[in-house]
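Asker: Sequence:
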Amino acid sequence: MQVIHDMHRRGTLSAGQVDAAKRWREDPYKVMLAPILFRIMHDVCIKELWLETIEEKHGWPARSAKAIIGLILTAISECDGFLIAKPEVADAALREQVAFLTAADVDAILEPMRMLGLTQVEARLFTILQRAQGTALSKDMLHRRLYADLHDADMPEIKTIDVHVCKLRAKLAKAGATFCIETVWGVGYRMEETKKAA
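Take the sequence shown: its letter number 10 is residue 103 in our numbering, and every next letter is one higher.
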């Protein structure tokens, strides 16, 4: 929050905007933001990146980050930080989604990396599919979640999803895992639990 407080001291942000930033940092899941806006807030409030670094990262003109951050905080403040309904099921699903938007779910990907010999990307893909077990996820959704911590211009092509799925299938089979990845034609992929051998 150092950048936020610095902007407030310089008169760039109001007390209400600072309060919105504090509330967002305490629980980002209450506020529905587009992934790009979420990443900006994450860079400022969690990663503590300086404004110049954020501008360079996104290819923005100099001194534009202040205005963009101010606008996001105003939007959060106007919505009072409670755009998402509070039911526990919806909240749990949203928390899982946001974990991959921020690529912060480190513990979840360490286990499949160790147990199945997966790369980081494969482990993240495995975890995304496993948490949505039984539900078909489109390639576009998998692509956005898998590379959510990258700027759009830095994302690899969407066809890399097929490559990662192919490698992941082979490693799951080799490890004798109880999960398999099914192709859902015209949609994407779905993970299902297989029966253990007797």
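Among the hints, a few may not be true.
[Unchecked claim] 25 angstroms max Cα-Cα, derived BS3-like pairs, lysine-lysine:
{"hint": "1", "residue 1": "115", "residue 2": "150"}
{"hint": "2", "residue 1": "232", "residue 2": "252"}
{"hint": "3", "residue 1": "159", "residue 2": "115"}
{"hint": "4", "residue 1": "252", "residue 2": "267"}
{"hint": "5", "residue 1": "264", "residue 2": "232"}
{"hint": "6", "residue 1": "150", "residue 2": "140"}
{"hint": "7", "residue 1": "264", "residue 2": "252"}
{"hint": "8", "residue 1": "159", "residue 2": "140"}
{"hint": "9", "residue 1": "140", "residue 2": "115"}
{"hint": "10", "residue 1": "260", "residue 2": "232"}
[To be verified] Each pair of labels, with its calculated beta carbon distance range:
{"hint": "11", "residue 1": "275", "residue 2": "160", "range": "28 to 36 angstroms"}
{"hint": "12", "residue 1": "112", "residue 2": "273", "range": "45 to 53 angstroms"}
{"hint": "13", "residue 1": "108", "residue 2": "269", "range": "40 to 48 angstroms"}
Simulated from the structure, these hints should not be mistaken for lab results. Don't be surprised by glycine CBs; every beta carbon is placed ideally from N, CA and C.
Asker: Are any of the numbered hints broken by this structure? If so, which, sorted upward?
Answerer: 11, 13
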